[in-house]
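**Student:** Listed here are the chains, written in short residue letters.
Protein chains: 2
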Amino acid sequence: MARTRPGDAGAKLLKAASTLFYRDGIHAVGVDTVAAEAGVTKAALYGNFGSKSRLVVAYLRERDRRWQEEIDRITAAHADPRERVLAVFDAYEAWLSRDGYRGCAFLNATSEFPDPADPVREVVRHHKTALRGYLLAQLRRGEPGRADTLADELMLLLEGAAVTSVVAQGPQPFDTAKRLAQTLIA
Amino acid sequence: MARTRPGDAGAKLLKAASTLFYRDGIHAVGVDTVAAEAGVTKAALYGNFGSKSRLVVAYLRERDRRWQEEIDRITAAHADPRERVLAVFDAYEAWLSRDGYRGCAFLNATSEFPDPADPVREVVRHHKTALRGYLLAQLRRGEPGRADTLADELMLLLEGAAVTSVVAQGPQPFDTAKRLAQTLIA
DNA sequence: CACCAAACAGACAGGTCTGTCTGGTGTCAA
DNA sequence: TTGACACCAGACAGACCTGTCTGTTTGGTG
Numbered sequence: 649m650a651r652t653r654p655g656d657a658g659a660k661l662l663k664a665a666s667t668l669f670y671r672d673g674i675h676a677v678g679v680d681t682v683a684a685e686a687g688v689t690k691a692a693l694y695g696n697f698g699s700k701s702r703l704v705v706a707y708l709r710e711r712d713r714r715w716q717e718e719i720d721r722i723t724a725a726h727a728d729p730r731e732r733v734l735a736v737f738d739a740y741e742a743w744l745s746r747d748g749y750r751g752c753a754f755l756n757a758t759s760e761f762p763d764p765a766d767p768v769r770e771v772v773r774h775h776k777t778a779l780r781g782y783l784l785a786q787l788r789r790g791e792p793g794r795a796d797t798l799a800d801e802l803m804l805l806l807e808g809a810a811v812t813s814v815v816a817q818g819p820q821p822f823d824t825a826k827r828l829a830q831t832l833i834a
Numbered sequence: 649m650a651r652t653r654p655g656d657a658g659a660k661l662l663k664a665a666s667t668l669f670y671r672d673g674i675h676a677v678g679v680d681t682v683a684a685e686a687g688v689t690k691a692a693l694y695g696n697f698g699s700k701s702r703l704v705v706a707y708l709r710e711r712d713r714r715w716q717e718e719i720d721r722i723t724a725a726h727a728d729p730r731e732r733v734l735a736v737f738d739a740y741e742a743w744l745s746r747d748g749y750r751g752c753a754f755l756n757a758t759s760e761f762p763d764p765a766d767p768v769r770e771v772v773r774h775h776k777t778a779l780r781g782y783l784l785a786q787l788r789r790g791e792p793g794r795a796d797t798l799a800d801e802l803m804l805l806l807e808g809a810a811v812t813s814v815v816a817q818g819p820q821p822f823d824t825a826k827r828l829a830q831t832l833i834a
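Heads up: the sequence lines are chains P and E, in that order. Residue numbering for the first sequence is 649 to 834, as defined by this note's numbering. Residue numbering for the second sequence is 649 to 834, as defined by this note's numbering.
Hints were generated in silico from the structure; no laboratory data involved. Here a beta-carbon is modelled for each residue, glycine too, at the ideal position from N, C-alpha and C. Some hints here could point you the wrong way.
What the hints assert, rightly or not - Derived DSBU-like pairs: lysine-lysine, alpha-carbon spacing no greater than 35 Å straight-line:
| hint | chain 1 | residue 1 | chain 2 | residue 2 |
| --- | --- | --- | --- | --- |
| 1 | E | Lys700 | P | Lys690 |
| 2 | E | Lys826 | P | Lys700 |
| 3 | P | Lys700 | P | Lys660 |
| 4 | E | Lys700 | P | Lys663 |
| 5 | E | Lys663 | P | Lys700 |
Said to hold, decoys possible - Coverage of chain E stretches by chain P, computed from C-beta distances (three or more under 8 Å per stretch; other residues unrestricted):
| hint | stretch |
| --- | --- |
| 6 | 655-668 |
| 7 | 671-683 |
| 8 | 732-740 |
Take these sequences, add in the hints, and give me the full structure.
**Tutor:** The following block contains the structure:
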């Protein structure tokens with residue numbers, strides 16, 4: 649088997665962790681399983697991340713980074729603020745659909761880590777704050793006075809559609825959410 | 649110490665399980681902990697429920713039963729369909745507030761049990777279907793033609809507020825949700 | 001080429017998990 | 001009063017958990 653090049657174990661682990669933690673849940677996956685899936689030894693895991701907790705945080709940060717890239721793509725693809733907002737709904741739906749409606753990784757992590765002071769929860773707050781911030785920035789270019797309220801409302805619709813689509817095992821809630829969002833920002 | 653009377657161990661276990669599973673998460677709590685919290689032996693747990701999985705299902709069913717009682721109280725306290733709908737939002741908020749914003753027990757369980765075929769997930773679907781059914785029944789008495797769409801929209805707002813209030817660690821999202829709900833059903 | 005850092009391989013410790021089993025004890029009902 | 005049954009107490013099995021350690025091998029760099 650091709651030996652892992654020095655410095656590559658971290659990336660392999662992150663990829664494996666992302667797949668397994670998201671698919672099966674964080675508590676349900678052991679470090680041995682992550683290392684095996686990455687084709688890397690447990691020693692490499694602890695050498696790179698120090699602990700499972702820190703690997704979990706790194707996993708969420710990485711996912712946040714990828715989501716940020718998605719936001720950048722949306723910004724590049726659409727100039728109209730309203731279109732950008734609606735594109736966020738589409739992107740959210742596409743992510744969940746691609747992953748078999750296992751829900752938002754950050755909300756799932758929140759369920760598994762009850763302590764609000766946990767570093768995991770800080771990453772979640774950072775991610776959600778950034779998302780709301782993006783919506784807010786777009787909405788300010790429409791009716792600045794209503795932008796804050798609208799951002800709150802759209803966040804409710806996004807999160808609601810995300811969790812409901814998991815229970816329903818399908819994208820239908822996003823149709824409802826997008827339609828409602830459209831009338832709100834019209 | 650007063651000995652547990654025959655037949656009471658099940659109820660004690662259910663109460664302890666409800667507290668611990670909800671507060672700390674299901675995978676994070678072991679059967680020994682549940683038995684100890686209930687003041688009961690592990691043998692009694694397995695005698696009454698057979699397995700941890702079945703205890704989890706019983707925990708969610710019990711919670712669903714209690715929520716159904718809440719719905720009955722709402723029905724008794726309000727005659728107007730619109731008031732009943734808004735009272736559901738208030739009740740949802742009150743439950744989360746009482747429990748320190750740990751979120752909806754059923755959505756949290758969904759995060760922890762990825763397999764849609766798991767009995768746990770069946771209980772979740774049953775609970776959410778019943779909730780939507782109640783809203784739908786009320787909405788049909790207003791504009792029957794829009795009732796289905798409205799029920800979907802209100803569910804999004806409820807779920808959205810539930811999860812967002814966990815991330816935000818406070819009830820503010822429910823203000824947004826209720827205000828929006830009010831304009832939708834006006 | 002020689003060295004170092006990072007990987008490999010895999011044993012190991014100490015704890016926790018679910019689930020079982022044995023044997024004694026209290027309660028209720030017949 | 002006696003028998004059935006649900007409980008208590010706690011040991012036990014076997015798997016899995018996180019995290020550590022020893023020693024070896026290898027790739028990249030000076």
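**Student:** So, for every hint listed, does it hold in this structure?
**Tutor:** Going through the hints against the structure:
{"no.": "1", "hint": "E/Lys700 with P/Lys690", "verdict": "holds (30 Å)"}
{"no.": "2", "hint": "E/Lys826 with P/Lys700", "verdict": "violated (40 Å)"}
{"no.": "3", "hint": "P/Lys700 with P/Lys660", "verdict": "holds (15 Å)"}
{"no.": "4", "hint": "E/Lys700 with P/Lys663", "verdict": "holds (32 Å)"}
{"no.": "5", "hint": "E/Lys663 with P/Lys700", "verdict": "holds (32 Å)"}
{"no.": "6", "hint": "655-668", "verdict": "violated (count 0)"}
{"no.": "7", "hint": "671-683", "verdict": "holds (count 5)"}
{"no.": "8", "hint": "732-740", "verdict": "violated (count 0)"}
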